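**Q** Spelled out, the chains give:
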Amino acid sequence: MTTLHAVHSDAGFARETLKPPSFLGACGLVVRRNLLHIRRMPELLLDVTIQPVMFVLLFAFVFGGSIAVPGAEGGYREFLIPGIMAQTMIFSSFIVAIGLVNDLQKGFVDRLKALPIARSSILVGRSLSSLIHSSIGITIMAITGLAIGWRMREGFFNAVLAFALFLLVGFAMIWIGILVGSMFDSVEAVNGFMFTTMFPVTFLANTFVPTEGMPDWLQFVAEWNPVSALTQAARELWGNGPEAPATAAYQLQHPVPFTIMWALLITAIIAPLALRAFRRRSRD
Amino acid sequence: MSSSSPAIEAIDLVKKFGDHVAVDRVSFSVPTGSVLGVLGPNGAGKTTTVRMLTTMSRPTSGTGRVAGHDIVKEPDAVRRSMGLTGQSATVDELLTGRENIRLIGRFAGLSGKEVRRIGDDLLERFSLTEAADRTAKTYSGGMRRRLDLAVSLVATPPVLFLDEPTTGLDPRSRTDLWDVLRGLVRDGTTLLLTTQYLEEADQLADNIVVIDRGQIIAEGTPTQLKDQAGRASVVVHVTHASDLGSAEGILRQFTDEVHVDHGARRIAVRATGLQDMLAIGDAISRAAIEVDDLGLQRPSLDDVFLHLTGHTAEDVSTDDQPELEEAVR
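These protein sequences, in sequence, are chains R and P. At position 192 of the first sequence (counting the first as 1) the number is 192 in the numbering used here, and the numbers step up by one without a gap. At position 328 of the second sequence (counting the first as 1) the number is 328 in the numbering used here, and the numbers step up by one without a gap.
No lab work stands behind these hints, which were simulated from the structure alone. Please note that the accuracy of each hint is not assured.
Stated by the list, open to error - Over the 12 Å line for every Cβ pair with chain P, so calculated as not near, a few chain R residues:
1. Q51
2. G64
3. V124
4. E212
5. T247
6. I260
Said to hold, decoys possible - Distance condition first, Cα-Cα at most 25 Å in a straight line; then the derived PhoX-like pairs of lysine-lysine:
7. P/K73 x R/K19
8. P/K16 x P/K73
9. P/K113 x R/K19
10. R/K106 x P/K137
What the hints assert, rightly or not - Facing chain P, a subset of chain R residues (Cβ under 7 Å, in silico):
11. R111
12. K113
13. P116
14. I117
Since this is a predicted model, take the numbers as computed values, not measurements. Each residue gets a CB set at the ideal place from its N, CA and C atoms; glycine is no exception.
Isolated chain R, as found in the complex:
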């Protein structure tokens, strides 16, 4: 009580003496708070831990026997790991959207807006912590993969490049997450929307099975799916699958540049929409 009083009269009318944190400092605080949430509620990590590991095991052992992948050195299990990692990274849009809609609903965004910090730090912090979140998932899957026989066979540089592509796509997914999180009013709505869109998008691709067995039209859709470019890029960089045949879609024959192109294109289109939606949602 008395201390507060003292602080008060020292500071005078306005507290210009108090220097708010820098932009990076504020982002860091948002990240710290979001990670603290994970520590308090470890079940938040289920989506990037138990779930993908379960997928790896289910697909590898249930379907693995009946899915032949011609030309894949390590067989179906090696073929599968890059696909599930790609799915996990696409799902980071999910994580961003849920986190953001929660922060908007429970007033955390309002609370930060009343403080003298850059408002963009809310988004940047949310995005960084989601990338960390997804990266934990990728790491856990890599460990699971290594345990069941998955290997990176094309050298250190290529191995790192594949992980970098995952992060780049994760970055692009953030914008989709911000857009969706700002568009809907409840966690349930976000869940419903993301589940019905992102889930098919990650399955209508080469993530879990080779596209050769699909009907023509489906094969066309699957091979031009950006998720397929990412998956194919990782398979080639890690030596987990055959190179795309000359009959495959053009992007699968050049998966690395196409993955980069998709990430930049999605960012260029979605980012302005996402920022506008967030600003509109949080301003009035």
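Take the given structure of chain R and dock chain P to it, following the hints.
**A** Relative to chain R, chain P alone:
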């Protein structure tokens, strides 16, 4: 800045959501160190006014100043000078009480050391020390409110905005919170609080503005507003029912507007103010009539609101769409 300049000013504030005018040319000024109560029913524009003054929402036109800073041109300076506790508690449920305060303190620019010291003080002051290391999820409604308020105070803002701070609290928690607020004002904080509860404005505010449908329809001290609603009366409770007749005779010498309630041994006389009460008291005591109580009774703020708007404050007018401000956002 001299202490006589206003801590909060609203200057012709207007906010439109599409065709709906939520706030219509609202102007007022709050002297430093005083408490302004913004009184009105749901959907009257109270929250929207607070959101504009606290830079959360941009005015359609007009402006305002908080601690001398323009809310449109210098939003950062405004944010450095004020604290805001919104209508619903915005505490982070997954963090403990202590973590909530420290996190916001760091955002406000306090050092780790400062925030620990001030945080512990605040927890103590708001009787949250025991619960400090429990996650806020486990807190009761009253505790959440107190934590929310403590969080708003971590940077020791000289100006504090409270949007319906006691809505949803039980009577005990409400009076506790009032005491805390009185303490803040004693320490020099300027307070703007919105409320639907007339009693709350009466208890805390130095000045009141009454808002209905986006416009200010009355302003003044609680006493002035009550005087507007009608004159006061002097009420005399006699000890013995047998004295009622003679007491009434004496009071009739002052005015014809005398109302006798035999069951309650109570007589009410129309009066203009304190002088009348003193004269009546003098006359009664000279006649040696024993009284239990004798006092001046002013109309309540409920009477005021009814008088001004034709409806009571708690009675949400149906054509007014409560929560419209929320819905449009």
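**Q** So, for every hint listed, does it hold in this structure?
**A** Structure-based check of each hint:
1. Q51: holds (21 Å)
2. G64: Given that every Cβ of chain P is farther than 12 Å from that of R/G64, nearest at about 39 Å, it holds.
3. V124: Holds, because the least Cβ-Cβ distance between R/V124 and chain P comes to about 14 Å, which exceeds 12 Å.
4. E212: holds (47 Å)
5. T247: holds (52 Å)
6. I260: holds (36 Å)
7. P/K73 x R/K19: holds (19 Å)
8. P/K16 x P/K73: Answer holds: P/K16 to P/K73 is near 20 Å, not above 25 Å.
9. P/K113 x R/K19: holds (15 Å)
10. R/K106 x P/K137: holds (12 Å)
11. R111: holds (5 Å)
12. K113: holds (6 Å)
13. P116: Constraint on R/P116 satisfied, holds at 4 Å.
14. I117: With a minimum Cβ separation of about 6 Å from chain P (threshold 7 Å), the hint on R/I117 holds.
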